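Asks: What follows is the residue order along each chain.
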Amino acid sequence: MDTTARVLVHLFLLLAFAPLLQGVIVKTKAFFAGRLGAPLLQPYYDLAKLWRKGCVFSRATSWIFHAGPVAGLAIPPLACLLLPFGRLPAPISFEGDMILFLYLFGLSRFLVVAAALDTGSSFEGMGGAREVTFSCLTEPTVLFCLLVLARLGGEPSLGALLGAHLPSLWHSSAGFSLALSMVCLFVVLLAENSRIPFDDPTTHLELTMIHEVMVLDHGGPELGMILYGAAMKLMVLGALLLDVAPLPPTGQPALDALVFLAGMVALAVLVGIVESTLARLRLTRVPQVLIGASLLSIFALVLVLR
Amino acid sequence: MANVTDIVLLSVILINFYILGSSRLVACIKVAAAQGALLALLSLTMNGLTWHAMVLATEALLFKGICIPWLLRRTIREMRIHRELDPIIGYVPTQFLGALLTSCAFLFADHLPLSTTQHGVLFIPSALSTMFTGCLLLTTRRKAITQVVGYLVLENGIFIFGVLLSQAMPFMVEAGVLLDLLVGVFVMGIVMKQIGREFSSLNTRQLSALKE
Chain A
0 MDTTARVLVH LFLLLAFAPL LQGVIVKTKA FFAGRLGAPL LQPYYDLAKL
50 WRKGCVFSRA TSWIFHAGPV AGLAIPPLAC LLLPFGRLPA PISFEGDMIL
100 FLYLFGLSRF LVVAAALDTG SSFEGMGGAR EVTFSCLTEP TVLFCLLVLA
150 RLGGEPSLGA LLGAHLPSLW HSSAGFSLAL SMVCLFVVLL AENSRIPFDD
200 PTTHLELTMI HEVMVLDHGG PELGMILYGA AMKLMVLGAL LLDVAPLPPT
250 GQPALDALVF LAGMVALAVL VGIVESTLAR LRLTRVPQVL IGASLLSIFA
300 LVLVLR
Chain B
0 MANVTDIVLL SVILINFYIL GSSRLVACIK VAAAQGALLA LLSLTMNGLT
50 WHAMVLATEA LLFKGICIPW LLRRTIREMR IHRELDPIIG YVPTQFLGAL
100 LTSCAFLFAD HLPLSTTQHG VLFIPSALST MFTGCLLLTT RRKAITQVVG
150 YLVLENGIFI FGVLLSQAMP FMVEAGVLLD LLVGVFVMGI VMKQIGREFS
200 SLNTRQLSAL KE
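Protein chains in written order, with numbering that gives the first Met the number 0: chain A, 0 to 305; chain B, 0 to 211.
Any given hint might turn out to be false.
To be verified - So the derived list for chain B, only partly shown, Cβ under 7 Å to chain A, looks like this:
(1) V7
(2) L9
(3) G20
(4) A98
(5) C103
(6) F105
Keep in mind that the hints were calculated from the coordinates and are not lab data.
This structure is a prediction, so every number in the text was calculated from the model and none was measured.
The beta-carbon is built from N, C-alpha and C at its ideal position, and this holds for glycine as well.
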């Protein structure tokens, strides 16, 4: 397939299926609680509802307040073009694109936090401070996991690192390091997407919020943009995690896409299970756990360096 | 995933990291018991199913996996403590030191003049790092029970070294399991201190005297 077709397939998979993962997580949590839960397609209905609403903006805000949701919506599709989806190769690939990948998310985080600070309210500032602190602590983990992959072969580009040579690496002595990297990337996924045990996405108490408090002031279409962007961010970071797993390469792109989607649904079920069985960590313990995950990824790197 | 021995040794190192970062005493003891059980498995996978290896494995499982943790859990229940205070240097520096010492163990083991067999590649680093972790726990924790758990971990590290030698010197390792007796002495010391504090005397004759 040529590049344009690959770009279109990637964008279609991301834009169409990202809210479905949120629905799967909600259904899993409801199953554990003995309820039926909201319908699987509820996030799509929510987005449609929010799109039809009007907006009210505070007079204390400026253009930065609008830049946050726009960045949250626009950046995950850009980032997904650098990443292979399962055994579907990445549409755009060049040397060093993993740095661009990481810092695209850094840019979106910066603009969201700036939009939160722009409102001038103290709760949003508190949430922004917490979010930035936890993201500082998750960046080394991702970098070290990527270093493990880089050490195991291939040029420093995401498409080459997560390519078809991975299943054979799992059977060699580097398999343990790859398993550790997957665990660390799962911790990063939970922390970056504000899931339990780092943040409760269903809390209604502002003092306990980290991510939701930053988006308290948005409403209508901008809130829809933020929700959609968050769902896409979950899917992109989940795709990064899934690419490290030993997925078997089938010959055809359609089957590869199906395997990828099945893997993403399984990942969403796993996130739902973790959310239902664990309690949220005390706020002072969260940096300790994140640093522990970094040290685990450093250990995985030490194992590969010998 | 090369072989079972490597997976067991790497799980032992992961358990070290967990104990360094945990503040819950019951969890630390359970996980140290699991580490002892893993070491029992290690002596079986390293030496095959010989008679001597099975005796060693049963001994390790009995002492490290069952008896000592039961003793420690009973002490915790009687003394009614379940949480650890912050270590002397704090949790994050302790974890950093643990990771640093593990990396140093890996680097150091590469420079030792060993006879290279296939199994020897991960044994020395994991034994060294377990011993370092045990020493770190002994020196940085405030509560006596956690220091005893640190001593247990140190002793697990010595056991890993002993498994390497078990074919050459048969009864050396059994003598090493006697180190577990020392743990029993520690626990008795803790309990006696507690009794002394409660009743302000260790003389059992006074216990049977009725108060006026």
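Asks: Each hint: holds or not?
Replies: We went through each hint and held it up to the structure:
no.: 1; hint: V7; verdict: 11 Å, violated
no.: 2; hint: L9; verdict: 5 Å, holds
no.: 3; hint: G20; verdict: 5 Å, holds
no.: 4; hint: A98; verdict: 4 Å, holds
no.: 5; hint: C103; verdict: 10 Å, violated
no.: 6; hint: F105; verdict: 6 Å, holds
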